[in-house]
Structure formats: structure tokens, C-alpha cells
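Here is how the chains run, residue by residue.
2 protein chains.
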Amino acid sequence: MRLTTKGRYAVTAMLDLAYHSPSRPVTLTDIATRQTISLSYLEQLFARLRKAGMVKGVRGPGGGYKLSRDSSQINIADIIEAVDEQVDSTKCGGEGNCQNNQPCLTHDLWMGLSDQIRSYLKGISLGSLLEQDMVSEVARRQDMDMEKVIDLPVTLQEKITA
Amino acid sequence: MRLTTKGRYAVTAMLDLAYHSPSRPVTLTDIATRQTISLSYLEQLFARLRKAGMVKGVRGPGGGYKLSRDSSQINIADIIEAVDEQVDSTKCGGEGNCQNNQPCLTHDLWMGLSDQIRSYLKGISLGSLLEQDMVSEVARRQDMDMEKVIDLPVTLQEKITA
DNA sequence: TAAATAATTGACTAATTTACTGGGTTTTAC
DNA sequence: GTAAAACCCAGTAAATTAGTCAATTATTTA
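Sequence order for the protein chains is A and X. The first sequence lines up with residues 41 to 202 when you count with our numbering. The second sequence lines up with residues 41 to 202 when you count with our numbering.
The set of hints was computed from the structure by calculation and includes no laboratory data. Positions of the beta carbon are idealized from the N, C-alpha and C atoms, including for glycine.
Label pairs and their calculated CB-CB ranges:
(1) X/Q172 x A/R158: 16 to 22 Å
(2) A/V98 x X/D110: 56 to 62 Å
(3) X/S78 x A/T76: 33 to 39 Å
(4) X/K91 x A/K46: 27 to 33 Å
(5) A/L170 x X/K91: 39 to 45 Å
(6) A/R109 x X/K162: 30 to 36 Å
(7) X/Y81 x A/I164: 31 to 37 Å
(8) A/L79 x X/R109: 45 to 51 Å
(9) X/Q84 x A/S168: 36 to 42 Å
Stretches of chain A that chain X covers, calculated by requiring three or more beta carbons in the stretch to come under 8 Å of a beta carbon on chain X:
(10) 49-57
(11) 154-163
Model the full structure from these sequences, guided by the hints.
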């Protein structure tokens, strides 16, 4: 279990999706705009999340991504593990044999620590995060900000098509 | 709070130090040999650990590094924070203003999560890790392995000085 | 005092991972 | 049949990790 910015991006995007998803599929373009993450990078992350069976892609106009389970059934640890390649190895190819064919201190200690962190993050679901006032408040404000930002291009586009 | 291999190296090295330290200063060369970490990389890590006041360097022959506090008073979170540059920023230079001059979901969510992980790791000290049978057992075995490797040079040196 | 030891400092490099860009192709609603 | 969106792939820039090399400084011991 590693905690990096990559995992944070994934968790943030999934939380955005969980907040907007129940109604209709959410496009990655929307998430990219709201969370200021590169669209193509999001595509990479969601390819992994999809393979992990956490989201479903809906193609075509009006499409986007939906959670494949209820937000209360998706936990943070799973999200992070889906996008992080498990760079276990570390030296001990898998079974602890990095030091004279025996497990090293590194292996035992860190595996134990990260197991505990993993189980801690497994106890936190997207749903439980959404219930926190602070989170939903920020999400609501981002929706309003987005309307402001998007408004101009949309009206321009209408003028163009008109 | 990030969890990377860099932090693991630091924690492992500190645990090795804690195990051997009470008696005498421990050289980075010894730690590098036992934990198979590059000596120069260890030097970089210990420069940070020293600045953070967690270890004291003892120069000259018979020197090395010692813990500056009892191992029960040094926790894992402090070690990781000492070696990881705080790549908070993330975009929100410090005070959440990354999104239209207001805190973003990323910031609030992840800061909250990593705060909880931090406080969790703060509750684990080097001392408490050493009390675990598995850890001390591996450490003891590493000492024996090392003697085998080091024995030849030492006896040669005695012959030379004799 | 000289020699050896070991920390300390700093600049530099290679490898890996992260983040992003840009081009495409499918699928599907309208 | 056209536009919206997922999906796919190759490449690349930036950042981080990991390591090397070469010095300097402090200290002990002989």
C-alpha cells in the first residue's frame, strides 16, 4: 500500500463521480474540469478503475461513467490499489528472500504496517465521505463554480449553432 | 502524508539503529550492509533525520549514529515526515486556493485522510516495533548473517596489525 | 603528531514513476 | 450520418527515487 498523488487523484475523481452519479452518467470531461485533472490522465486512471470493476463506462452521447456499486460499497483502499501498480517486489521478488534467501526486516516490517493502513482505509467508503458536511459542501460549490465557468462557452456555442 | 519506498527505507534504517544503538553508535556502513541500502542514499536520509533532531552523529573512529531519544519516544510518522519533502502544494500552494481561490475537494479530502493516517502512525513507536517478536528475530538473524560476512576481513585485519 | 575513521557536504547521474499531450477508433443517441 | 462520449495507444515532460563520486571536517587512537 502506497499513498501518492496518483491515489489522491483517483480518490478525488471517484468521490466526484459518487456525488454526481446517481442521476446520470458523468463524463470525464466534467470531472476533469471540476477537479482540474488532465482528461487523458483521468482516462488512464478510469481504465484501471473499470478493469477493477468499480465503475462502468457508458458510451455514446449522454454517456459517461457510473459507479458499478453503491457508494457505500466502495472503499478507499480498493480505489488506491486499483490505480497503484503494486510495486511490492522492493527486492524480495514476492516471497521474502531478499537477504540471503530469508525475509528481510524491510519486508516484514513494512508489509505489516501497510496491512494495517490498508485495513484502516478499507473501513472508509465513498458513501461515508459524502455524508461529511465539508465534502458535500465543497462539491456543491464546485458545481456552482462550474456553471459560471461553463456558461460563457455554452452561450457562445449556442450563438455559433444558431 | 505520503507512503513511499523512501519512507520505508528510513523506517527500516531507524529500526535497525534502534535495535543496535543502546550499546554504541552504529555506522551507516553497518546499516547499509544489513539492510542492503546504498550507503550514499542512507547518508542523504540521515542528513534529514539529523536535521529533524531524531538522531545524533558521532564523528571519528568508533563513531556512527545514535538515537537522540529513547526508541519509545520516536514514532513512525515523524520518521516519514522527516525524509519526505512535504509535497503538499499539490496546487493549493498551502492555503486551499487551487480552485477559483477556494479550497478544492482534493485538498480537504486528502488532508483529512492523511491526517488520520498520520495520527495512526504517530501511535507506533520504534520501541513498540522492537517488542514484536518477529522484528527482533529478524534483526538477530541479520546480525548473525553479518558476522559470517564480516568475519574474514576482521580476522585478516587482526593478522595485519599483529 | 600522524593516521585512520566516519560523519558531513554537495554536485551530479540513471532509472523509474507520474502526469500529461495528442492522435486515433469505436459505440451510440439523436 | 453526425456528434458525443468512451476507449485505446504511443510518446514525452516533469518529478521523484535511488545511487555515484569526490571532496571536507571532526575525532579517536596509536
